[in-house]
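Let the hints inform the model, and build the full structure from the sequences given.
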Amino acid sequence: MTVRPFSITVDGRSVPVVPGQTIGAALHAAGIRSWRATRFGGRPRGLFCGIGVCFDCLISVNGRAPERACLAEAAPGDEVTTS
Amino acid sequence: MTYGSAGGRAGDRGTYDLVVVGGGPAGVAGALTAALAGLRVALLDSSARLGGQYFRHTVVPGRAPGLDRFLRQARALSDRAEVLSRHQVWSVAREPDGDLLVHAGSPDGRSVAVRGRRLLIATGAYDRPLPFPGWDLPGVLTAGGAQALLKGNGVVAGRRIVVSGTGPFLLPVATGLAAAGAKVLGVFEAGGALGLARHPLLALGKAAEAAGYALSLARHRVPYLTRHAVVAAHGEREVEAVTVARLDPRWNVLDTRIVECDTVATGYGFVPQIDLGVQLGCGTRRDVDGSPVLEADSAQRTTVPGVWAAGEPTGVGGWRLAELEGRIAGRSIVAHTRRRPPGAAGVELMAGEVAGALSRRRDRWRAFGAALQQAYPVRAGWQGWLRDDTLVCRCEEVPLARVREAQELGATDARSIKLLARPGMGWCQGRICGYAVACLAGEPQQPPRRPIAQPITLGALSEAAGPGDDLATSRAGDPGEPATSRADKPDDPLAH
Ligand SMILES: Cc1cc2nc3c(=O)[nH]c(=O)nc-3n(C[C@H](O)[C@H](O)[C@H](O)COP(=O)(O)OP(=O)(O)OC[C@H]3O[C@@H](n4cnc5c(N)ncnc54)[C@H](O)[C@@H]3O)c2cc1C
Ligand code: FES
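Keeping their order, the protein sequence lines are chains A and B.
Count along the first sequence from 1, add 872, and you get the number used in the working numbering.
Count along the second sequence from 1, add 237, and you get the number used in the working numbering.
Just so you know, these hints were derived from the structure itself, not from any lab.
C-beta atoms are modelled at their ideal positions from N, C-alpha and C, and glycine is treated no differently.
What you were told as hints is all true, and nothing was included just to trick you.
Short derived list, chain B residues pointing at chain A, Cβ under 10 Å: (1) R286; (2) Q325; (3) G382; (4) A385; (5) V393; (6) A394; (7) R631; (8) R668.
Okay, the calculated beta carbon distance ranges per label pair: (9) A:V875 with B:E645: 56 to 62 Å; (10) B:S653 with A:R911: 19 to 25 Å; (11) A:N934 with B:R306: 36 to 42 Å.
Spelled out as structure tokens, the structure:
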């Protein structure tokens, strides 16, 4: 595991990470608490259950299919895109 | 024997004696008990590190009771078994030869199948939230979610936090947040008018723990109010304030006030995660609070041969109970492998091996868990907190009005409501709204019917359906702690 703090990019913006943190936790810590809009109502969503159950926190990491930000551990160089 | 080398191929090793799903206290204790007895064991967990919900590896190391011992267990397990972290199990199936095939999504998005002669289900539980207007605003988190952020990530969920719901779990959440520097504006416990001085923890001989919470709340000037709850959250893009209501014993609103805050941590108990057992046809029973849980006998065997369950899937009762059940399951599984020929003698051996001190301790903790659940029932009055436009289902954005419409169209149970109005048809498959919809339908909670326990990509599904899929490659994830030595250690990491 990396031991020194690093950053990831979220929609082009740099977000600091303490090694071991999930992407969701890093976003929340940076004050970014909503990063997704719902399909029908366009309502803002971020973390809710924090443990991979609710799927509110979906993000895309390095162009892959949507992932749960609360489970995905942030890695140096990660490029996160939100919708 | 060399199992569990990092980077190994999960399927290379043929059939395991035991496959464990879940790396919390229950799963790790069960897996380690079996591995120490020489069984070939694989354990899969969706997280990056072992620990489950209580023993989260903290980014900022904490001193949770029992954590050191758990870390020793996790290390010992990583030395002796194949630990596949970041593997999300989505289905388990019985093969024609009787083996169990456990399908999981691996970190690189591929599907992996692990084959075992026996299965231990130790998948834990998740928070049971209740809907209220504005509960889908960012900044509203489950109590467990706030705890996971803090314990697993070192992140304090917000600056001005309100904790609301029911049950003893609100106390560690509130005291943890306050100690970490958040301003906790109040713990609003919808249940009993007992107050902290007569908290059930006291009655159950956990006076020191209860006193610890009381002291901590007092030191941080956090008010603890029973018969109070957050009944609405307000804000544009995030929570800016909540309505806190004083409740009658049925949880009907008596009067309200507004509290400005940026974060809400809310939870009304836990929902045991039993999908895998239900998939395999395991019998269920109703727990004290009405939750369907897997039926397990004194040796933690489910009603399906070769399948054991331990921890929260057999009923919520905390991490100590979970660990005891895991150890008992492990012993029973070991006895099962030694049973030959199968028959009455073997059953006796098994019973003998699990009897005694462990079972007595388990029974005590079970009684404790049951007493806590009895002390914190969810009362029907919460349904009155909803408005027509309150989302009951967050995924499919189904408001109360649509649920009522479905009922007017003749839907009398949760299942027909789901078919007509779609609550529970989205990503979370009803995990979050299931309880609320059943309550609104006026029926008891039913065991989940999810043919696939986790949403997976079509690619992974087709991969899994292909021939020879049990040889799919997978990299064993980081077990969390560097493995010190693969040599057998003389000390028993399960001993207290
Ligand atoms: C969010 C949350 C936070 C909690 N925090 C605390 C706390 O701080 N203090 C406290 O006393 N109690 C806490 N609890 C209560 C806790 O659940 C129990 O006391 C204890 O952790 C139960 O142990 P267990 O082994 O039964 O399950 P858990 O510890 O929940 O372990 C279950 C494991 O199974 C994994 N899993 C589940 N399904 C799958 C699957 N399909 N595929 C792969 N892996 C899977 C999970 O990732 C988890 O690691 C918390 C509960 C929740 C839901
Ligand atoms: S916050 Fe619920 S799945 Fe990530």
